[in-house]
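Colleague: Here are the chains, one letter per residue:
There are 2 protein chains.
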Amino acid sequence: MSGQQGQASGPVSGPVSGPAPHAARGRHLLADFHGVAAALLGDAAALERELVEAARAAGARVLGAHFHHFGAGAGVTGVVMLSESHISIHSWPEHLYAALDIFMCGAARPELALRRLRAALAPASVRVHDVARG
Amino acid sequence: MSGQQGQASGPVSGPVSGPAPHAARGRHLLADFHGVAAALLGDAAALERELVEAARAAGARVLGAHFHHFGAGAGVTGVVMLSESHISIHSWPEHLYAALDIFMCGAARPELALRRLRAALAPASVRVHDVARG
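Residue numbers (the numbering used here), protein chains in the order written: chain A, 1 to 134; chain B, 1 to 134.
Worth double-checking, as some hints may not be accurate.
[Unchecked claim] With the C-beta cut set under 8 Å, the calculated list includes, among others, these residues of chain B facing chain A:
1. LEU30
2. HIS95
3. HIS129
[Unchecked claim] Derived CB-CB ranges, DEER-like:
4. B/HIS68 <-> A/HIS68: 16 to 22 Å
5. A/ARG49 <-> B/ARG56: 31 to 37 Å
6. A/ARG115 <-> B/ASP130: 38 to 44 Å
7. A/GLY106 <-> B/HIS129: 18 to 24 Å
8. B/ASP130 <-> A/HIS68: 23 to 29 Å
9. B/HIS34 <-> A/ALA39: 39 to 45 Å
[As the list claims (entries may be wrong)] Pulled from the structure, derived: some chain B residues nowhere near chain A, Cβ distances all over 12 Å:
10. ARG25
11. GLY26
12. ALA37
13. ALA57
14. ALA72
15. GLU84
16. GLU94
17. LEU96
18. GLU111
19. LEU112
20. ARG116
I should point out that these hints are in silico values taken from the structure, not numbers from a laboratory.
Every residue, glycine too, gets a C-beta built ideally from N, C-alpha and C.
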């Protein structure tokens, strides 16, 4: 992407200078969802289902999911662990707010997970930080 | 912080305009650790211990820890779930690299967790993104 060289000429033996392609390189999307339905933000089972589906939509492989519900009327903390890193959610139904992060390396496409989560949670507004990792 | 009003006058009935103080406000530190000893980056039990200690150093309450080792010579994916959000690590021993994120809301102090993890993992270089959430 931004690291691509403009030159297409030269030997075909592959890159010979500069940093090697890095298997650890990844993208980390931090997404603040405001204006989400409180009932959904307090439903740990539904959120787990949505995060797992989002991981699959991104082409990631799910290792496991761990969700904790803080009690009636309260929010949820959940993480879906991936071969490609993780997706997490922390929700505050009382603020109609959820903090998500989607971190994926390799060929998985975190923006597809984000798109699916936006569709599923239907926030009134979203702010995203897109951070290159590695 | 940045949302504070400059006015101290007016009735003492509390805030009546502008955004209310937000319990969901937090800090999310994304830390890239380069030049970490490969043996440590492949030691799931040691990394779990360090992340739990880092959470405690920050004043956070640990809900659980979930670590996955990708096999001999390979890295680790791990998450410590907190009442205040989470700490995660993804490691690549072959690159002497670990991607950490430390997300805490409330009174916990993520910078203290980061300080402890720097001391424990002794990276040759560190890059940190500090993102306000909420």
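Colleague: Now look at each hint and say whether the structure bears it out.
Modeller: Verification of the hints:
Against a cut-off of 8 Å between C-beta atoms, the interface hint on B/LEU30 holds, since the closest Cβ of chain A lies about 6 Å away. For B/HIS95, the interface hint holds, the least distance from its beta-carbon to any beta-carbon of chain A being 5 Å, beneath 8 Å. Because the smallest distance between the Cβ of B/HIS129 and any Cβ of chain A comes to about 5 Å, under 8 Å, the interface hint for this residue holds. Taking the beta carbon of each, B/HIS68 and A/HIS68 are about 18 Å apart, inside 16 to 22 Å as hinted.
Against the hinted window of 31 to 37 Å, the Cβ-Cβ separation of A/ARG49 and B/ARG56 comes to about 32 Å, which satisfies the hint. A C-beta distance of roughly 26 Å is found between A/ARG115 and B/ASP130, which places it outside the suggested range of 38 to 44 Å. The given range of 18 to 24 Å is respected by A/GLY106 and B/HIS129, whose C-beta atoms sit roughly 21 Å from each other. Distance hint check for B/ASP130 and A/HIS68: the Cβ-Cβ separation is about 26 Å, which falls inside the suggested range of 23 to 29 Å.
A hinted range of 39 to 45 Å holds for the C-beta pair B/HIS34 and A/ALA39, which are about 44 Å apart. Against the 12 Å criterion, B/ARG25 falls within the reach of chain A, whose nearest CB is about 10 Å from its own CB. With a cut of 12 Å on Cβ distances, B/GLY26 falls inside the contact zone with chain A, its closest approach being about 7 Å. No beta-carbon of chain A comes within 12 Å of the beta-carbon of B/ALA37; the shortest separation is about 16 Å.
With 12 Å as the threshold on Cβ separation, the claim that B/ALA57 sits away from chain A holds: the shortest Cβ distance comes to roughly 20 Å. Distance to chain A confirms B/ALA72 as a non-interface residue, since its nearest Cβ pair spans about 17 Å, more than 12 Å. For B/GLU84, the shortest C-beta to C-beta distance to chain A comes to about 9 Å, within the 12 Å cut-off, and the non-interface label is violated. Annotated as non-interface, B/GLU94 brings its C-beta within 12 Å of a C-beta of chain A; the closest such distance is 8 Å.
At roughly 10 Å, the least C-beta separation between B/LEU96 and chain A is not larger than 12 Å, which violates its mark as non-interface. No beta-carbon of chain A is positioned within 12 Å of the beta-carbon of B/GLU111; the least distance is around 17 Å. B/LEU112, annotated as away from the interface, keeps every beta carbon of chain A farther than 12 Å; the closest lies near 20 Å. Every C-beta of chain A lies more than 12 Å from that of B/ARG116, the closest at about 21 Å, which supports listing it as non-interface.
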